[in-house]
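This is what each chain is made of:
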Amino acid sequence: MPMLRGFLVLVLFFILGESVRLLLALPVSGGVLGMVVITFTLMVKGSVSNDLAQASQGLISVLVLLIMPGVVGVFFTADQFSGQWLAVAAALLLGTFLSVLTTLLLMRAVTTRGVGDGE
Amino acid sequence: MVSELFARFQALPESLAATPILAIGLTLGAFFAGNWLFSRIGRPNWLPPVVLSACLLSVFIALAVDYQDYQQGARWLTVLLGPATVALGIPLYQQMHHIRAMWRPIVVTLPIAATMAAVYAVVIGWALGATPEVLASLAPKSVTAPIAIGITEQLGGSVPLMMGGLLITGVVATLFVDLLARLLPVEDERILGFALGLNGHAIGTARAFEISHTAGAFASLGMGLTGVFTALILPLVFRL
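Protein chains in written order, with numbering that gives the first Met the number 0: chain A, 0 to 118; chain B, 0 to 239.
Source of the hints: derived by calculation from the structure; they are not laboratory data.
Hints are not guaranteed to be accurate.
Subject to a maximum C-alpha distance of 20 Å in a straight line, what follows is the list of computed SDA-like cross-link-like pairs (lysine to any residue) [stated by the list, open to error]:
id, chain 1, residue 1, chain 2, residue 2
1, A, 44, A, 8
2, A, 44, A, 89
3, A, 44, B, 97
4, A, 44, B, 67
5, A, 44, A, 6
6, A, 44, B, 152
7, A, 44, B, 96
8, A, 44, B, 93
9, A, 44, A, 80
10, A, 44, B, 99
11, A, 44, B, 98
12, A, 44, B, 95
13, A, 44, A, 11
14, A, 44, A, 20
Here are the computed distance ranges between Cβ atoms for each label pair [what the hints assert, rightly or not]:
id, chain 1, residue 1, chain 2, residue 2, range
15, B, 103, A, 17, 46 to 56 Å
16, B, 31, A, 88, 23 to 33 Å
17, B, 103, A, 0, 35 to 45 Å
18, B, 9, A, 42, 49 to 59 Å
Because the structure is a prediction, the values reported are computed rather than measured.
Ideal Cβ placement from N, Cα and C applies to all residues, glycine included.
All chains, please: the whole structure from these sequences, using the hints.
Listed below in structure tokens is the structure:
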């Protein structure tokens with residue numbers, strides 16, 4: 000029961016997000032809008048109820064199950080993208096290498112300077 | 000008599016596929032079988048269990064049902080992705096106190112690094128002749144899956160291609176963070192965790208929790224903030 004009560008809160012915030020998206024014709028998914036609104040609500044409220052924490056943990060722990068239908072499609076739709084595999088592979092491998100390098104260098108540079116300023 | 004029974008047996012998958020329950024059963028079965036296989040082969044960190052589960056599921060689908068029927072029935076599962084995305088806000092809120100401790104590096108790094116994660120992929124793909132649909136599928140590659148699905152749908156990309164790219168990105172981001180941490184070197188666990196979550200979403204975050212609890216917390220924060228930031232910015236940029 001508590002878990003279902005928490006689930007109802009999640010569904011309500013999702014419906015709220017979806018409504019905002021449709022009303023304002025935003026190009027952002029209703030789930031993300033709901034997530035932003037619930038995060039701010041919790042920050043203002045300053046605490047999270049047990050029901051909600053349980054329901055969110057439950058849903059997050061089965062996320063893999065929920066994304067599997069999307070993942071499996073790659074085996075069935077792969078031939079649509081034949082001829083572009085080099086571009087895809089390069090974008091994923093090289094792109095990820097560069098973005099990891101960027102993150103580490105940037106974060107390291109700012110963190111050391113931040114500590115220096117503080118002292 | 001026997002041939003009649005055989006004919007009915009042959010029609011069985013088709014009759015069952017008319018309801019969503021077969022798709023749900025196949026997905027659940029593949030999920031648990033994949034997890035079981037994953038622990039049997041010693042939980043290698045270059046192979047996320049979801050890859051195993053998805054491979055098994057594709058075999059099940061190929062054997063038992065039509066792919067379109069499967070996707071129709073699986074909507075009963077994927078509809079939960081909406082509330083599940085909202086649910087990501089709760090751990091994000093619980094990690095928020097880390098922002099207060101390290102707000103300056105996070106505020107500077109997050110917008111630039113999250114933007115570049117998408118820009119590098121799109122520019123490289125574009126230079127090598129990828130179509131707009133493929134580029135839209137590559138752009139959210141560092142974002143956690145439920146949010147990335149929403150982004151790809153908004154951009155008009157292919158969800159299956161995006162999911163494949165997402166998994167590869169998670170695995171190679173984890174390897175690159177380990178490699179570059181040694182080469183640069185970077186030893187601060189907070190930075191390593193943040194980089195793992197920002198670039199490698201849930202797969203990177205799982206690796207960060209192996210380093211330490213602090214690294215894991217910063218990875219969760221990096222994953223959550225990257226997801227929100229990319230979801231809000233990318234569709235607006237793509238529209239231009």
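These are the hints, each one checked on the structure:
For the suggested pair residue 44 (chain A) and residue 8 (chain A), the alpha carbons sit about 15 Å apart, so the restraint of at most 20 Å is met. Only pairs whose Cα atoms come within 20 Å are accepted, and residue 44 (chain A) paired with residue 89 (chain A) is rejected, the gap being roughly 45 Å. Taking the CA atoms of residue 44 (chain A) and residue 97 (chain B), the gap is near 18 Å; set against the 20 Å cutoff, the hint holds. Only pairs whose Cα atoms come within 20 Å are accepted, and residue 44 (chain A) paired with residue 67 (chain B) is rejected, the gap being roughly 45 Å.
This hinted pair checks out: residue 44 (chain A) and residue 6 (chain A) have alpha carbons roughly 19 Å apart, not beyond 20 Å. For the proposed pair residue 44 (chain A) and residue 152 (chain B), the alpha carbon gap of about 32 Å is over 20 Å, so the pair is violated. Taking the CA atoms of residue 44 (chain A) and residue 96 (chain B), the gap is near 14 Å; set against the 20 Å cutoff, the hint holds. In summary, the hint linking residue 44 (chain A) to residue 93 (chain B) is supported, as the alpha carbons are separated by about 12 Å, within the 20 Å threshold.
Among the hinted pairs, residue 44 (chain A) with residue 80 (chain A) is inconsistent with the structure: their alpha-carbon atoms are about 48 Å apart, more than 20 Å. Pair hint residue 44 (chain A) plus residue 99 (chain B) holds up; C-alpha atoms about 17 Å apart against a cutoff of 20 Å. Taking the CA atoms of residue 44 (chain A) and residue 98 (chain B), the gap is near 18 Å; set against the 20 Å cutoff, the hint holds. Distance check on the hinted pair: residue 44 (chain A) and residue 95 (chain B) sit about 13 Å apart at the alpha-carbon level, within 20 Å; holds.
At most 20 Å may separate the alpha-carbon atoms for a hinted pair to count; residue 44 (chain A) and residue 11 (chain A) meet this at roughly 17 Å. At most 20 Å may separate the alpha-carbon atoms for a hinted pair to count; residue 44 (chain A) and residue 20 (chain A) exceed this at roughly 24 Å. At about 35 Å, the CB distance of residue 103 (chain B) to residue 17 (chain A) disagrees with the hint of 46 to 56 Å. A hinted range of 23 to 33 Å for the beta carbons of residue 31 (chain B) and residue 88 (chain A) is consistent with their spacing of about 31 Å.
For the pair residue 103 (chain B) and residue 0 (chain A), the supplied restraint of 35 to 45 Å holds, since their beta-carbon distance comes to about 44 Å. Restraint check, residue 9 (chain B) to residue 42 (chain A): a C-beta distance of roughly 58 Å satisfies the suggested window 49 to 59 Å.
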